[in-house]
Amino acid sequence: MFKSLVLVLLVLSSIFAVPAAYSSHQVCEPGYIETKDPETSFVKCVFVEKVVEEIDTEIAEFEFADFQEHIQVMVNVKDRTSEIMVSLLSPNWQDILIPPKLEKAIFNSERLHAVVFTNEWQCAPGIITDPCILVQITREGLGEFTEPIQKNTRPIADQIIMDSQFIGINAKFHSIIIESAKPSEGKPALATAVYTTKVFPTQKLVSLIGNQLLDKEIRDGGGFYDVLNKFTENNFSEFSLTLRPDNDEILRTMTVSITTTGLPKEMISDIINPLDLIAVSVPNFTGDEVYRSKYFSEGFFPINSIFNVIVITEPDYKVKSVNGGLISTIHSSADLQNSGWFFTSNSNGKIEGRYLFGTDVSATNQDLIFSITNNKSEYLGIELETPVEVTESESPEPPDGGCLIATAAFGSEMAPQVQFLREIRDNTVLQTESGTSFMTGFNQFYYSFSPAIADYERENPVFKEAVKLTLTPLLSSLTLLQYADIDSESEMLGYGIGIIMLNIGMYLLAPAVVTLKLVKKYRKINF
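Read in order, the letters of the sequence shown are residues 7 to 533 in the working numbering.
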């Protein structure tokens, strides 16, 4: 039982079993005493350590705290892009404090999936630079069509944002978007109410929210929190605060992320150096060493600090070697004593490893380096304990939902044109059965040839520009769907057939007419 628990904690680093948190206005339970933070005046319930005579010695060998710190470096070798993020998370109200009114509003809303505050670029359809507050409501029971869903969503969202005044930030209602279920991300079908607020740079948001919401012990502990603050020096860094209810708790996650394009090939070819990749994106980042938070200094907390690296590459690439230690299997807490890489994926174009610190307080640049290869004789021979099972019911579309041709043409998945295509697919086409059926058939056809075209685009700049020009009429025609109020299957079919006919006219009939006229003109000149 214990072995399985440890393995699940490592593989699913964001899903943990945690003890109950206590509200600030409640009396501390037996075994706890009240203490007051001298700076914030908040009252905390602190556990009084006692000597326990009888306890399972295996379980006592390591500890697990509510507070966690994560760094993730995701590299796409094909696109030469990276997405790097630092996250601080906890279900404990004492670690990341939110206003009591907001906490109460979240607990009182049975349909709430999550509340997300972010200054991400184009955080919602129709929004370019303004930060968003996204209130994600479970769509089941809100209605079958767009109008009733939107009508029933607004009051629920207003109660959470307007009535609770969120975190002291004034918000203005913008729109409601309808999202299809995403099982791979653990998301049900959602109706998301979008609110906007004034523009805040990431550095200011971290300063305000970090100083106000984060516990002083976490702030003073440094570690990944210091790295997160370094990230804010990049003007293109993006901030998010996610509040996700789970029974009688709220998982609070604060994240700062940076997306970088045009990485030098030599940085991502064979040697993967995570700290060097961070240094490319973060000004004044030394890249020599990364420290854990001092929050974990008194005790053995091997799975509270995770450095995760994901490499998206060709299918035949696997891990060749690691500079730091290699943790092949985890059968007991003794396997967590030493630092090293624990790989959860090493095939099919995805290499994912998690660096565990063991009893170390830091990891050096050299510790975090590993190499990859497509030479089978040089494979490291990592045997995974958690193979990924793929069922026939899964969509033939890749997990990232990639618009491969458009992404290669416009240079990034974050390009406005690519995001627009995703929004049309998720928020319009997939909202009806006929649209879902169409996308299922289309995906089988599209992904049979699109990877080859996308690869050729990256190799041939002239072809890439030609594809970009070719996609322009399609993008223009799809903008019509933004102004269509689709509430039924028949309307979806009508608009869909209309868009298809329009594109047939633009891509086939118009060129054919022009060609015929040119041929006639040529014949007149010669005869």
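No wet-lab data here; the hints were simulated from the structure. Remember, predicted model here, so these are calculated numbers, not experimental data. Ideal placement from N, C-alpha and C gives every residue a C-beta, glycine not left out. Hints may contain errors.
[What the hints assert, rightly or not] Here are the simulated DSSO-like pairs of lysine-lysine, each with C-alpha atoms no more than 30 Å apart in a straight line:
(1) K300 to K222
(2) K178 to K107
(3) K236 to K300
(4) K324 to K210
(5) K236 to K110
(6) K382 to K324
(7) K178 to K210
(8) K271 to K107
(9) K193 to K356
[Said to hold, decoys possible] Quick list of simulated restraints, FRET-style, between CB atoms:
(10) P207 to E272: 44 to 50 Å
(11) N354 to L514: 51 to 57 Å
(12) F451 to D322: 40 to 46 Å
Results for each hint:
1. K300 to K222: holds, 12 Å
2. K178 to K107: holds, 18 Å
3. K236 to K300: holds, 18 Å
4. K324 to K210: Violated, because 41 Å separates the two Cα atoms, which is more than 30 Å.
5. K236 to K110: Violated: K236 and K110 sit about 33 Å apart, past 30 Å.
6. K382 to K324: holds, 8 Å
7. K178 to K210: holds, 20 Å
8. K271 to K107: Status violated; Cα separation ~50 Å.
9. K193 to K356: holds, 22 Å
10. P207 to E272: 44 to 50 Å: violated, 32 Å
11. N354 to L514: 51 to 57 Å: At 37 Å between Cβs, range violated.
12. F451 to D322: 40 to 46 Å: Once the Cβ atoms are compared, 26 Å apart, the range 40 to 46 Å for D322 and F451 is violated.
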